[in-house]
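Just so you know, the protein sequences line up as chains A and Z, in that order. If you're matching positions, the first sequence starts at 1 in the UniProt record's numbering and goes up one per residue. If you're matching positions, the second sequence starts at 1 in the UniProt record's numbering and goes up one per residue.
None of these hints come from the bench; they were simulated from the model. Please note that the accuracy of each hint is not assured.
To be verified - Pairwise CB distance ranges, derived in the manner of DEER restraints: (1) A:30 <-> Z:82: 47 to 53 Å; (2) Z:303 <-> A:82: 40 to 46 Å; (3) A:369 <-> Z:29: 27 to 33 Å; (4) Z:116 <-> A:211: 19 to 25 Å; (5) A:238 <-> Z:18: 41 to 47 Å; (6) Z:103 <-> A:26: 36 to 42 Å; (7) Z:82 <-> A:400: 23 to 29 Å; (8) A:207 <-> Z:82: 38 to 44 Å; (9) Z:340 <-> A:41: 28 to 34 Å; (10) Z:369 <-> A:400: 22 to 28 Å; (11) Z:86 <-> A:238: 53 to 59 Å; (12) Z:40 <-> A:40: 23 to 29 Å.
As the list claims (entries may be wrong) - Just a few of them, taken from the derived set where beta-carbon distance is under 7 Å, the chain A residues facing chain Z: (13) 94; (14) 179; (15) 209; (16) 343.
Backbone N, C-alpha and C define an ideal beta-carbon position, used for all residues, glycine too.
2 protein chains.
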Amino acid sequence: MTSTNPHGHQKGRARSTASHLAAVTELLRPLRGSARTELLPLSSALGRGLVEDVTAPVSLPPFANSQMDGYAIRSSDVPDGGTDLRVAAPVPAGAGAATLEAGTAAPIMTGAMIPEGADAVVPIERASPDHFLPAGDAARVKLPAAAPGTYVRVAGSDIAAGEQALAAGTFLGPAQLGLLAALGLPEVTVYQAPAVLLVTTGDEVVEPGRDLPAGKIYDSNGTLLEAAMTQAGLRVLRAGISTDNPEELRTLLRSQGAGADLIVTTGGVSQGAYEVVRQAMADQPVEFLHVAMQPGGPQGIGTFEGTPFLGFPGNPVSCLVSFEMFLRPALSQLLGAPAARLPVRARLGHPLTSPEHKHQVRRGRLRPDGTVQLEGGESSHLMHALAGSNVLVHVPEGVAALGTGDEVEVWML
Amino acid sequence: MTSTNPHGHQKGRARSTASHLAAVTELLRPLRGSARTELLPLSSALGRGLVEDVTAPVSLPPFANSQMDGYAIRSSDVPDGGTDLRVAAPVPAGAGAATLEAGTAAPIMTGAMIPEGADAVVPIERASPDHFLPAGDAARVKLPAAAPGTYVRVAGSDIAAGEQALAAGTFLGPAQLGLLAALGLPEVTVYQAPAVLLVTTGDEVVEPGRDLPAGKIYDSNGTLLEAAMTQAGLRVLRAGISTDNPEELRTLLRSQGAGADLIVTTGGVSQGAYEVVRQAMADQPVEFLHVAMQPGGPQGIGTFEGTPFLGFPGNPVSCLVSFEMFLRPALSQLLGAPAARLPVRARLGHPLTSPEHKHQVRRGRLRPDGTVQLEGGESSHLMHALAGSNVLVHVPEGVAALGTGDEVEVWML
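Just chain A, same shape as in the assembly (with noise of 0.2 Å):
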């Protein structure tokens, strides 16, 4: 058993969590390298942050056409009162339109472009008859006055080329990989997706599946680490269950981390005596303190053997919380990947206390009419309260408690 000294619990000495989310930051830097971009078609850029900001190469719409199924007409022929109109040939969708003569109304279907010389869609609902009719010289239909410009989509009125469509460090989703579409264009460069080598560590804990002997739990950090992780676009490679010999510790992490950007342990780096994760970087640039956090105050970040390196305490809600507050709004800020959390106003359903010099991060259920309830109390290890929850909630630093209808932020899940 080492003689530990207990500095991170001393308040004057813990890091606060804005400095430790600067400091991982800090250290998966290179993972932002100009080597580390990759070219992909849209459709497996899902979740991946973009790289260059992207100028539209083409305006949207990229042409004026029409908002509604109906008549395009020139606006002058029609006075006020309405009137009669011959019925020209319609306009074919997807092809370019000829010039509307005057005194003639055509029908047009939505999207579909306004003919040169027409500047207004009257809706076929607000025609008369109000159905299409075959074009034909005995064709007439009563339409009335519309103002220049109505239900006409301008050409450029959602982007004009040239402006910038996106920003690097944009997050991929639907919507903006629906508009590279649009926008014409087939291929993305994104950040390559960052591997992670996960090891559980503790001689206490065993695999799902298997007999569970006296004094010892089954890992859930593995899975709930894994399965965040890869929610967060990461890809994952686990490498099992370590005891708390630090040389076996060591041995795995240089068998398996080979191709890893990163290394995340769980357990083992808080001040008790067999901390694996302590004793297996021993001779490592790997720094053990104290993050004014909880839960999840004990953290190690640094380098094993030159691979980026975090040690996140033991229990799965620290575990967590670690996860959501450091690695995950690290990799968003500087891949734009996974999207950053939401932060949304809600007000406590109950009272909570905190440690005033801490940050405390509690788990909740946000209901639809904005009041947030807590799920288990303040410990770490209510894996169950956990599976209950859907936010995060946030007490910050220099404030011991709140009241029922206070307002905190919290984070959807």
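We have chain A already, so just place chain Z on it with the hints.
Relative to the frame of chain A, chain Z by itself:
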């Protein structure tokens, strides 16, 4: 050109969004059949829905354990003013603990089993000395008094064996999978991921990457919906673009629809002429109707040669709104996956108007202060505005106008 009946435009006959969602849910109910479940390892079950209730086979935590690094004591050994105790052998991690002798204190790490006889833990930083000592006859530690139960996590305090851990229909995200792992369950029975055949229609639509002749537009619906469906856990089969020839569309659906659980088309469903999807479905049990919603009013629903079919409108924003309002929630309700959108209250950053007899869905950007800024106007072709949005803003039927600061329901994208 066919003569069409614009009945869908008449508000009295439009279907409510709730009725159409119910119809879509009914259409897709067979996806919930017992033949459509599968047993997956936890690492493959992310994003799926749980078929049956899960009862906890073990308690969590499985045994009383320490919440802190410190000393396990018999609380009755320590009077109010504190006392010296002999340091016993440390409690080993991951093993059953021996009985704690009266008058001794056993070093114990977070998560280790509370020894028989012990009923409280004193954290190391409240001990004197405040670091661990080698055990032995000579070693003594001064400890303050602690009430019974202090820093002890009671067995079953998170969940007791036999209690319901997760309900049927639960979406399996990281926390839910983590809970199953914590309970020792290595596999889980989930609903199969539905396969969707996705077809964009229209003579005017061109694949991104090709030349853009006059009057044509690039297909963004295919990319947009494929990404949205993939995010929602569907398996997407892309059938490319069909022209406005109904026979071509029928041939394509027959040749590529094998194995699809659902066919989704875009375009060709409204009251205009040249409505290819309406024409292709003429002899099929498919209804074309108008939902009281803006955008996305025209909708098709039924079966094509026995396969469930949904016809979305042709504009990209209408497509996404149709997906979010009908297909996504129907799947969430039936299969527990994808996760249902969580409604959030937000305050409008500016006024809006809405057709009083329709449910309007606007796009917007939710800001950290809880206000939402609308992006683009009501028009359904504004792809760039959609790409700048992070929420859908709901203005229910019956509301014609809202002012700055009014509360609206938003769904995060």
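For each hint, the structure was consulted:
1. One distance hint, 47 to 53 Å for the beta-carbon pair residue 30 (chain A) and residue 82 (chain Z), holds here, with the actual separation near 51 Å.
2. At roughly 43 Å, the beta carbons of residue 303 (chain Z) and residue 82 (chain A) sit within the given window of 40 to 46 Å.
3. As the Cβ distance of residue 369 (chain A) to residue 29 (chain Z) is approximately 30 Å, the hint placing it in 27 to 33 Å holds.
4. Taking the beta carbon of each, residue 116 (chain Z) and residue 211 (chain A) are about 22 Å apart, inside 19 to 25 Å as hinted.
5. In this structure, residue 238 (chain A) and residue 18 (chain Z) meet the distance hint of 41 to 47 Å, their C-beta atoms being roughly 44 Å apart.
6. Between residue 103 (chain Z) and residue 26 (chain A) the C-beta distance comes to about 51 Å, which lies outside the given range of 36 to 42 Å.
7. Taking the beta carbon of each, residue 82 (chain Z) and residue 400 (chain A) are about 26 Å apart, inside 23 to 29 Å as hinted.
8. Under the hint 38 to 44 Å, the C-beta atoms of residue 207 (chain A) and residue 82 (chain Z), about 43 Å apart, fit the expected range.
9. At roughly 31 Å, the beta carbons of residue 340 (chain Z) and residue 41 (chain A) sit within the given window of 28 to 34 Å.
10. Between residue 369 (chain Z) and residue 400 (chain A) the beta carbon distance is about 24 Å. The supplied range of 22 to 28 Å therefore holds.
11. At about 44 Å, the beta-carbon gap between residue 86 (chain Z) and residue 238 (chain A) misses the expected band of 53 to 59 Å.
12. At roughly 27 Å, the beta carbons of residue 40 (chain Z) and residue 40 (chain A) sit within the given window of 23 to 29 Å.
13. Annotation: residue 94 (chain A) was flagged as interfacial toward chain Z, and the flag holds, the nearest CB pair being 3 Å apart, inside 7 Å.
14. With a least beta-carbon distance of about 4 Å to chain Z, the hint placing residue 179 (chain A) at the interface is held under the 7 Å criterion.
15. Taking 7 Å as the C-beta contact cut-off toward chain Z, the hint placing residue 209 (chain A) at the interface holds, the least distance being around 3 Å.
16. For residue 343 (chain A), the interface hint holds, the least distance from its beta-carbon to any beta-carbon of chain Z being 5 Å, beneath 7 Å.
In terms of the numbered hints stated before, the structure departs from hints 6 and 11, listed from lowest to highest.
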